[in-house]
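Model the placement of chain B on the given structure of chain A, informed by the hints.
Protein chains: 2
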Amino acid sequence: MTSLYHYPLDPFCRRIRLSAGEYKQELELIEEKPWQARAEFLQLNPIGAVPVLVNDDVVAAGIEAVAGYIEDHRPQDMPSQIGNGDKERAEVRRLTSWFDTKFHHEVSAPLLVEKVIRRFVSPEAGGGAPNMNVVRQSLDMIRPHLEYIGALTEDRNWLAGNEISTADFAAAAHLSIVDYLGDVPWSENEKAKAWYQRIKSRPTFRTLLGDKVTGMPASRTYVDLDF
Amino acid sequence: MTSLYHYPLDPFCRRIRLSAGEYKQELELIEEKPWQARAEFLQLNPIGAVPVLVNDDVVAAGIEAVAGYIEDHRPQDMPSQIGNGDKERAEVRRLTSWFDTKFHHEVSAPLLVEKVIRRFVSPEAGGGAPNMNVVRQSLDMIRPHLEYIGALTEDRNWLAGNEISTADFAAAAHLSIVDYLGDVPWSENEKAKAWYQRIKSRPTFRTLLGDKVTGMPASRTYVDLDF
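Residue numbers (the working numbering), protein chains in the order written: chain A, 1340 to 1566; chain B, 1340 to 1566.
Just chain A, with the same shape it has in the complex (with noise of 0.2 angstroms):
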């Protein structure tokens, strides 16, 4: 059994639950709060991330590790998650890098650490209240990364040209984690929500629809296919 070691609100743990799904791939999933520094968990990832893959003695520690060892193992009948030929392969990893780098730094890192993290770590840790000012900066920085997201599908099926790919997967992951917060501005954008509500309708996003986290509900709209 392959087992991962994840926080469900995390969106490099959401990206890997959605490409393994849909490669067929099941992991088991085990749930690790990273910021308490588990001495066992520090031993898996020396740096402290998920998500952490173990599979007998094959440890998988960080996103470009985990990804890169679920697309290794992929099944060889069904297509490479990173697209095939140069053209498709270099926009694929593009625009995954987008995500997980700029989006992430923009957006879904800093929401997440005022919004969630901030609430259950110590005062002497950097816990209590969000910084509004941080907050408000990210929600803002969401519409330009819509817009584009938009634009992106104007001529495409998905993000990077007519096949799903980790590019869908990892802004799927990204955007996902601040509509469980109920941040997103869906409305300003149609193409990106008509994107949205396509990734959302697959059985593998079912999953994260399934996550709760203890003392924060999600967003009323963030388990309807109908937003």
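Watch out, some of these pointers could steer you wrong.
Any copy, or any two copies together, can satisfy a pair, since identical chains are not distinguished.
In silico lysine to aspartate or glutamate, EDC-like type, Cα no more than 16 angstroms apart, as pairs [what the hints assert, rightly or not]:
id, residue 1, residue 2
1, K1426, E1410
2, K1426, E1502
3, K1426, D1411
It is worth saying that the hints were derived from the structure and are not from the lab.
Below, chain B alone, put in the same frame as chain A:
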């Protein structure tokens, strides 16, 4: 002909030059100063970062896309730089990311900004004298990374295992920037120094040793193999 838009002191471009060199892939180097945000360059990569690889109608923009392209085109008679087998590949990817994210964030990115880029941009864009607090903090962070490199090579030939890998190229690329600036305290860790000496002696490293930045000569020992 495959072209690489690069900046000589950018660690991600250096990682690609090492990887491509070891795979015997020729790249025509085109110098790009990403902070100038040239319109033609932003057409190639809207995020504005180097490296960008161009081959006919293929544009691979950003480190993930370029590294993926190089790996996808590796000569089939050479071993993969990501290693063989799940364990080794997980370790290569974990450590490549260690240097490309952690070391970059803590050391090479702030030093590059403070000591190099601020010289070349206008005061309105943040140019001027380096912020010495930031410089000092970054320099302090080098030591634990050298210790980690030293510890990794205690029972391995190279950082991630017995074969040279992208983990070595990433680590050497980032450290080589700091070395160009003369800021690596090599004498403090003999094992890390011995590892760097070995990678610096490889023919593919020579192209990096010839890099020159106008008005910023390399440190006295930057080109010496016996430093």
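Hints and how they fare:
With identical chains, the CA atoms of K1426 and E1410 are at most 16 angstroms apart between copies only, with a shortest distance of 14 angstroms across copies and 18 angstroms within one. For a Cα distance limit of 16 angstroms, the shortest separation of K1426 from E1502 inside one copy, 13 angstroms, qualifies, whereas the shortest one across copies, 30 angstroms, does not. For a Cα distance limit of 16 angstroms, the shortest separation of K1426 from D1411 across copies, 12 angstroms, qualifies, whereas the shortest one inside one copy, 20 angstroms, does not.
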